[in-house]
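Peer 1: Sequence:
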Amino acid sequence: MFRQSLRRCADAARRAFAAWERFWEFGLRSESEARGLSLLKEWLTPEQHAQYSVHRYFDVTGCHSGKCYRIRHGVGMNIYEIDASGRPVAGWCFVPKDNLVAGDVMLAQKIALETNERGALLVAKSFPPRWRAAQTPA
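Residues 10 to 147 (the working numbering) are what the sequence shown spells out, left to right.
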């Protein structure tokens, strides 16, 4: 009974959060956030842009190791190292020193991993990946 109630509360919270994100996306976003996302989308490859439009994440390939990293929408703790089967094996967090909007942070992360993967991971903090947080939405 308790688990069922807890599950219902978690589902309701997820639905409320998703509704809030859509509401934010269609009207409450500030001009700087809109510019940041616009700049990010200009730098994404067509495949990454399509992936981001559907899932709110995109995959990049590290320039040194060839590993796949998934950058989720956000400003921290939003990078997952993905294995060949698409499952997260490690989480990475590195962000610019200044407070930037999500689009700018994700662009900086993309460029860092694609041009200086080793340097980016040297300053990154690792965290254990959570499967639910990184899996592809149904």
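Note that these hints are calculated values from the structure, not bench results.
One or more hints might be untrue.
Within a straight-line C-alpha distance of at most 20 Å, the following computed EDC-like cross-link-like pairs (lysine to aspartate or glutamate) qualify [as the list claims (entries may be wrong)]:
| hint | residue 1 | residue 2 |
| --- | --- | --- |
| 1 | K134 | D107 |
| 2 | K76 | E51 |
| 3 | K106 | D92 |
| 4 | K76 | E42 |
| 5 | K76 | E40 |
| 6 | K134 | D92 |
| 7 | K76 | D107 |
| 8 | K50 | D20 |
| 9 | K106 | E56 |
| 10 | K76 | E90 |
Peer 1: Indicate, hint by hint, whether the structure satisfies it.
Peer 2: Hints and how they fare:
1. Between K134 and D107 the CA atoms are separated by roughly 17 Å; this keeps the pair inside 20 Å, and the hint holds.
2. A distance of roughly 23 Å separates the Cα atoms of K76 and E51; the hinted pair therefore is violated under the 20 Å criterion.
3. Distance hint between K106 and D92 is unfulfilled; the C-alpha atoms sit about 29 Å from each other, more than 20 Å.
4. Between K76 and E42, the direct Cα distance comes to roughly 29 Å. Violation of the 20 Å bound is thereby established for this hinted pair.
5. The suggested pairing of K76 with E40 is violated, with an alpha-carbon distance near 34 Å, which exceeds 20 Å.
6. Among the hinted pairs, K134 with D92 is consistent with the structure: their alpha-carbon atoms are about 19 Å apart, no more than 20 Å.
7. Among the hinted pairs, K76 with D107 is inconsistent with the structure: their alpha-carbon atoms are about 27 Å apart, more than 20 Å.
8. For the given pair, K50 sits about 31 Å from D20 by alpha-carbon distance, which is inconsistent with the 20 Å threshold.
9. Restraint check: the Cα-Cα separation between K106 and E56 comes to about 29 Å, which exceeds 20 Å; the hinted pair is violated.
10. The hinted pair formed by K76 and E90 meets the criterion: a straight-line CA distance of about 7 Å does not exceed 20 Å.
In this structure, the earlier hints numbered 2, 3, 4, 5, 7, 8 and 9 are contradicted, and the remaining ones agree with it.
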